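Going down the list, the protein sequences come from chains A and B.
Everything in the first sequence is counted per this note's numbering, starting at 1 for the first residue and increasing by one.
Everything in the second sequence is counted per this note's numbering, starting at 1001 for the first residue and increasing by one.
To be clear, the hints were calculated from the coordinates, so they are not data collected in a lab.
Within a straight-line C-alpha distance of at most 25 angstroms, the following computed SDA-like cross-link-like pairs (lysine to any residue) qualify:
(1) B/K1075 - B/V1038
(2) B/K1274 - B/A1145
(3) A/K118 - B/S1318
(4) A/K108 - B/K1205
(5) A/K95 - B/S1318
The structure presented is a predicted model; accordingly, all values stated were derived computationally and were not measured.
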Amino acid sequence: MAQILVVDDSSTVRNEVGDFLKASGLTVSFAIDGADGLVKLKADPAIKLILCDVNMPNMDGLTMSEKVRSELKNSAVNIIMLTTENSPVMKERGKAAGIKGWIVKPFKGDAVIATFKKLVGA
Amino acid sequence: MDEDAKLMSKVLVLESDPSCFDRLKVFCEKNDLSGLTVQPDNAMAVMRSNVDLGGIFLSENYDSKVRGGLLMARKIHTLRPELPIFLRRDSSPTFDGITEDERMTLSAVFTIEDIDSLRPKLDEYIFSRSYPNDLVRGIAEITVAALASQFKDLEVEVAAPYIVRDRLIYGEIFTLIPLETGWCRGYMMMQTEEIGLLGLVKGDKTHMRPDEAFDFRNLNGLLGEITNLVWGAFKNRYMAYGHQSTSASQVPLVINHLHRYISFGSDNPQLCFKYTVVDKSNPALVPLVMYQKFVFNLSWSPQDFAENQTSVEDLVSSGELDLF
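For reference, chain A alone in the conformation it holds in the complex (with noise of 0.2 angstroms):
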């Protein structure tokens, strides 16, 4: 059981961000692409915040967050996109899908751990 999934195609991204967060006292998993990521949160329905690029080979990012509410119908996940895109509409189109934050890259784990812990209730 994980707290949080980190779902990025990038190995370089996904070793980053979760050797981080376990460094931080946090449990992750990881996924590598959208598709993969709905498989994982379906096996792991307790995972509390999911960190998401929005580039990625075979369902990207936007498109699996709006298929966690859709179809697998957990409204509760946090979902928090990490990704380089920086376009309003992608934005509009992610709070529609009912994201919580947007981080553009690189990763700064300082600057973002206090309220990743507050979202998964640690």
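On the provided structure of chain A, position chain B as indicated by the hints.
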């Protein structure tokens, strides 16, 4: 309208008359050319090795052989037809006495006395594109920031950007990603050698674990993420929000691994940046050299160049959480 960036280009100077060197040097300096000279028996090896050339200055009687330059031009043109060759003649700045086959290998002829008349030919064959200053500066800023975020406690140096005509691939790993804005369509390439990345991963200078260096796919992933960061920042700065592609045109890219050659289907020049990532506290660590090339092969309208204007409300620094 943004000013155009002043860009250099590297040219190989194959000249065997020492009395011409000074004049050639002055001409190169005046015309934003960086001249590289080699010994005659090294010339073809240099041709094959990739030094990001924009063109070649060649003397007609190169290597002190009568018409040696014309023979050399044929060899160079066979190997690297994309490189313009400017032939210096002793007699006159015309193609008199040069066969049709030989003429096809040359872009222009000149004499040392009238070398200044070559300028329009440089514009035609090397500097055929101009690039907005803000674009060139912005690319360097974006990329230095992306590299700095991926390498711990290292310095990133960027050389002055330049124009390239050759088609050789540097190193063993490269990424390729499409770029599209309202004023350009093409590709960005990032090229590097595996050994540089390997050293930095093993030396714990990246966000990867040092033991991950054994799998080359992890190195691929690192270069991939660098490319992703640059691409994303490029889009955020230069692609109008809400831009929809109106063109479905594409051309095949051709990569020939045997010859380390890549073609984008056109003769357009490439805008090239060279970055070096160094550990000043550890001179033993092999610096990472990375070449970044922009090939706007599908469309190029610098007169429409624009940067996104960000409102104060939208200003959230990268890495910070924008909570909705």
